[in-house]
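J.: Given chain A's structure and the hints, the job is docking chains B, C, D, E and F onto it.
Chains as they are written, first to last, in our numbering: chain A, 1 to 64; chain B, 1 to 64; chain C, 1 to 64; chain D, 1 to 64; chain E, 1 to 64; chain F, 1 to 64.
Please note: incorrect hints may appear among the correct ones.
Because identical chains cannot be distinguished in the list, a pair is counted as satisfied if it fits within a single copy or across any two copies.
Unchecked claim - Lysine to any residue pairs mimicking SDA-like chemistry, simulated, CA-CA at most 20 Å apart:
(1) 63 to 26
(2) 10 to 32
(3) 10 to 41
(4) 63 to 25
(5) 63 to 29
(6) 10 to 63
It should be emphasised that the hints constitute simulated quantities derived from the structure, not laboratory data.
Here the structure is a predicted model, which is why all the values come from computation and not from measurement.
There are 6 protein chains.
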Amino acid sequence: MPTIIIEGPKADVETKRELVRRITNVVREIYKVHHVSVVIHENEPENVGVDGELLADIIARRKG
Amino acid sequence: MPTIIIEGPKADVETKRELVRRITNVVREIYKVHHVSVVIHENEPENVGVDGELLADIIARRKG
Amino acid sequence: MPTIIIEGPKADVETKRELVRRITNVVREIYKVHHVSVVIHENEPENVGVDGELLADIIARRKG
Amino acid sequence: MPTIIIEGPKADVETKRELVRRITNVVREIYKVHHVSVVIHENEPENVGVDGELLADIIARRKG
Amino acid sequence: MPTIIIEGPKADVETKRELVRRITNVVREIYKVHHVSVVIHENEPENVGVDGELLADIIARRKG
Amino acid sequence: MPTIIIEGPKADVETKRELVRRITNVVREIYKVHHVSVVIHENEPENVGVDGELLADIIARRKG
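With the rest of the complex left out, here is chain A:
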């Protein structure tokens, strides 16, 4: 039974509802299984590093 762990940003419930629905459909179809688990980890931008920088700093710099 595939388990999908999503390391993603904060999101509202409707976004997570759609994410679970659509990812489950893709996984079901491709792996030809019924039961699929999804776990969404919502990570603050200051807990994510992209190429050596905190995502929070990248976002702040873009907002200038």
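T.: Coordinates of chains B, C, D, E and F only, in the frame set by chain A:
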């Protein structure tokens, strides 16, 4: 040194204390090791997908 | 940048190609991001437990 | 539905069968749930670091 | 593209900035890659088990 | 006790030895702890997706 990552629901400290104690005992006995790490991720029901639905929606539907 | 970790079964390269393509599209669209990482862990049936049983044993029992 | 990820050593199928059975029982009892997923990652000693050393080197040193 | 998941304690933003910067440098140099993702999971002491005990209890006991 | 999970490429033992040594030093220094666990997952290029493509296909395309 085995590390056990638990993707589970919210729980009170006594529950987590027992979870760590008993899972460590099982892992120690079976793998014949002493040092065991456990990390508990407490996931809100709206961050868990079960067969395409948010666990939060499944719980809400059952409460009718 | 979302990272998706897939704990799934063994699969051939074409299956994984499609899995990455379609999961990335869903994640891009929903999170409105461009960069998405996917890591596929291929787990043998004897390394997966479902409700207390090894998936390998469940499969063997179904084959009777 | 709790998912338990075990980062452990290589093990034979009987060991993994018992691990899944007993860990599932503990998780079921404590979280009061029925469905539990377990994923066992078997890691070679040269892929595990303990306090700065490869487990493979620690084992080799102990064998002297 | 390597992804590093850090299961660590609570930390302030400056600590996480340095962690991301220095871990990315090590990973870049050793794997000879440019793009590196880091995800920091900040775990409360009562969500971490060390050799069968909650880290929260170990800390409390040391404070006596 | 921090646990670092590295989702990276195949690597030889000397590379992994250095990775564990240097990452542990960074984590020890920054978190001011002694015990650090590292788990290295070696992922084949066909098990890694980067922006919708298999890393294996990106590598093949670059080799032309």
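J.: If a hint holds in the structure, say so; if it does not, say that too.
T.: We went through each hint and held it up to the structure:
1. 63 to 26: For residue 63 and residue 26, neither the intra-copy (35 Å) nor the inter-copy (26 Å) Cα distance is at most 20 Å.
2. 10 to 32: between (30 Å within a copy, 12 Å between copies)
3. 10 to 41: Both ways: residue 10 and residue 41 sit 8 Å apart in one copy and 14 Å across, limit 20 Å.
4. 63 to 25: Close neither inside one copy (36 Å) nor across copies (26 Å); limit 20 Å.
5. 63 to 29: Neither, since 40 Å and 22 Å both go past 20 Å.
6. 10 to 63: within (18 Å within a copy, 27 Å between copies)
The structure fails to meet hints 1, 4, 5 from the earlier list, while all remaining hints are met.
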